[in-house]
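Engineer: Sequence:
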Amino acid sequence: MELWRAGIPGLHLRPAGRGTTSRFRQVMGKIERLNALDTPVEAARPLASRLVRNERLRNVLHGKATGIPLHPVLTDVPFGAWFMAVYLDLYPDAGTQRAATRLIGLGVVAAVPTALSGWAEWALAGRQTQRVGVVHAGLNASAVLIFAGSWAARRRGRRRLGVGLARLGAVVLIAGGFTGGYMGRDRGEDRV
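Position one of the sequence shown corresponds to residue 1 (the numbering used here), numbered consecutively onward.
No wet-lab data here; the hints were simulated from the structure. The beta-carbon is built from N, C-alpha and C at its ideal position, and this holds for glycine as well.
Here are the computed distance ranges between Cβ atoms for each label pair:
| hint | residue 1 | residue 2 | range |
| --- | --- | --- | --- |
| 1 | GLY63 | ALA94 | 38 to 44 angstroms |
| 2 | ARG58 | LEU161 | 40 to 46 angstroms |
| 3 | LYS30 | TYR91 | 40 to 46 angstroms |
| 4 | GLU55 | GLY95 | 46 to 52 angstroms |
| 5 | ARG102 | ARG56 | 31 to 37 angstroms |
| 6 | ALA141 | GLY29 | 21 to 27 angstroms |
With the hints as constraints, model all of the structure from the sequences given.
Structural biologist: If you want it as structure tokens, here you go:
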């Protein structure tokens, strides 16, 4: 069911109007059909498959007991930490800046289990979703590296550089979030 049909406000992936598809869906459709992404898909497949080989671990990661996969829940930690740090960067006092630095670090550390749970979801997705998934992973990996650079800069007393990197990381993270949200729309529909 589409979010717009449920009356839930937020990102609407419905057609842009009168039978046309939104620009976002057009771009995602091109990514889904991009055969050039099959090389990174095949490269990632063996590693991701290891995450779902163990049935108990697979059940936890995919939310068999709860009905909610772990990945969407875990994304809240780095996403929330990083965006709270970007907000705190608006305040110049030393205590707030220490808190922002700690939040950037929390996000970097929390990105590891978040990524692992995402790869476990990806391992059971269909080819088109996996193509979008490698783009999603690339964007998110870039964001993690940018935020890690922000964390390092802040710890070395280079606050201005750290703030600038965090803002750049936030933009990349949003792009990664949109691709992840797009993949989530058909979670379970195209699993192999």
